[in-house]
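Visitor: Given the coordinates of chain B, assemble chain H onto it according to the supplied hints.
As given, the protein sequences belong to chains B and H, one line each in that order.
Numbered per this note's numbering, the first sequence spans residues 382 to 629.
Numbered per this note's numbering, the second sequence spans residues 29 to 135.
Don't read these hints as lab results, they were simulated from the structure.
Each residue gets a CB set at the ideal place from its N, CA and C atoms; glycine is no exception.
One should not assume that every hint holds.
[Claimed, not checked] Per the computed footprint, the stretches of chain H lying under chain B, defined by three or more beta-carbons under 8 Å from a beta-carbon of chain B, are:
hint : segment
1    : 48–60
2    : 63–76
3    : 99–112
[Said to hold, decoys possible] Subject to a maximum C-alpha distance of 25 Å in a straight line, what follows is the list of computed DSS-like cross-link-like pairs (lysine-lysine):
hint : chain 1 : residue 1 : chain 2 : residue 2
4    : B       : Lys428    : H       : Lys62
5    : B       : Lys574    : H       : Lys117
6    : B       : Lys396    : B       : Lys428
7    : H       : Lys101    : H       : Lys132
8    : H       : Lys83     : B       : Lys396
9    : H       : Lys117    : B       : Lys396
10   : B       : Lys428    : H       : Lys99
11   : B       : Lys454    : B       : Lys547
12   : H       : Lys132    : H       : Lys83
13   : B       : Lys396    : H       : Lys101
14   : B       : Lys454    : H       : Lys60
15   : B       : Lys428    : H       : Lys60
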Amino acid sequence: MTLSTESTRFLEDLKVYLLASGKNEQATNEIVLELEDHLIEAEADGKSVRSITGESPAAYIQSISHEMAFDSKQAFWTIMQVYLGASSFLYLQNLLNGTTTYSILLVGGFLLISAVYLTTLALLFRQDALRDTARPRLLRYGIHGSVHLLLIVGLLIVNGLIDSPKITLSPSVGWLIGALLIAWILITAWKTKTWILPIAVFVFFVPQLLLLFVFNLSEITAVLVSYVLTSITIAVTFIRSSKNSKAD
Amino acid sequence: MSSTQMLKGILDGCLLALIAEEEIYGYELATKLKAYGFSDIGEGTIYPLLIRMQKLGWIEATSRVSPSGPKRKYYSITTSGAEELTAFKERWQYLSTSVESILKEDD
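Next comes chain B alone, as it looks inside the complex (with noise of 0.2 Å):
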């Protein structure tokens, strides 16, 4: 039996809710599904949402979460997922040109900013969560996502100005970091069953190596056709899986 749309975005919503507030994905997939076979129940019987929520269903949302005890292992893995994906870009082109030296500035930096990206994130999802109108504001993801770009360019710059302790890696510990790096991305991968990261990985230095070593470009040329073709797979990747996501 299939659900109303406001019983559907109700679940939808506490899910969102519950995850971005940091809670354990076991306990909240339990309460979403426990919520989901009552809803069905109740719709049989004739009554809404409303029969579950009461009047405010974002009150309702805040008084389940209330009760499930925030997951710091959890959020700690969530935290470096995003920091490892997002500095294996930059590690890894690094790495193709030979550079192996890093600042506490920008490791720590980096860290720092993946921290904020990912606070700041939840609480924007956790506002559309509870919101009224069924739209996520776009806009509000699209400015905080450029930002957090801004940030790390701006780390960049002031790393090229200001010197702070420098760790400098041998070629070989830097390509076995390297290695565990995508080993790293792969096996967090086939975890969550999300494969975005490593496509973009793949498409991004695959298509550099060769038109640097079988083509013979220009180094510049090589990582701008790549970040092209970066862009265009993740932009379609997206896409593909948001009209997946719609047709479940």
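Guide: Chain H alone, transformed into the frame defined by chain B:
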């Protein structure tokens, strides 16, 4: 204090009593509560309370496939839940006797 707030204060004990009777799932529990006269309270009110009671170790849940589709969670009472229910019954007995005797005096 509104009647809704007063009812919420004793809802924990009532849920424990219903779960102690038989293994039960959310919708069934909400329907039973309504049948006993708790019609002021939204059906969803029970879920935050069930989460809390699980955390306290008073009840436990087992998931089984339901006829309606997704897996269904059935609740049963634990030993510490049964102890809490006994304590609740004593508190309620004491409270209701006190209230009744005051109300009788008013008559």
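Visitor: Now, for every hint given, state plainly whether the structure supports it.
Guide: Consistency of the hints with the structure:
1. 48–60: Since 4 is at least three, the answer is holds.
2. 63–76: Satisfied; 6 residues make the cut.
3. 99–112: Contact hint for the segment 99–112 of chain H vs chain B: holds, 3 residues under 8 Å.
4. B:Lys428 with H:Lys62: Status holds; Cα separation ~14 Å.
5. B:Lys574 with H:Lys117: violated, 50 Å
6. B:Lys396 with B:Lys428: The given pair, whose Cα atoms are some 22 Å apart, holds under the 25 Å limit.
7. H:Lys101 with H:Lys132: violated, 44 Å
8. H:Lys83 with B:Lys396: With a Cα-Cα distance of about 20 Å, the restraint between Lys83 (chain H) and Lys396 (chain B) holds, given a limit of 25 Å.
9. H:Lys117 with B:Lys396: violated, 36 Å
10. B:Lys428 with H:Lys99: holds, 21 Å
11. B:Lys454 with B:Lys547: violated, 29 Å
12. H:Lys132 with H:Lys83: violated, 40 Å
13. B:Lys396 with H:Lys101: Answer holds: Lys396 (chain B) to Lys101 (chain H) is near 18 Å, not above 25 Å.
14. B:Lys454 with H:Lys60: violated, 39 Å
15. B:Lys428 with H:Lys60: The given pair, whose Cα atoms are some 16 Å apart, holds under the 25 Å limit.
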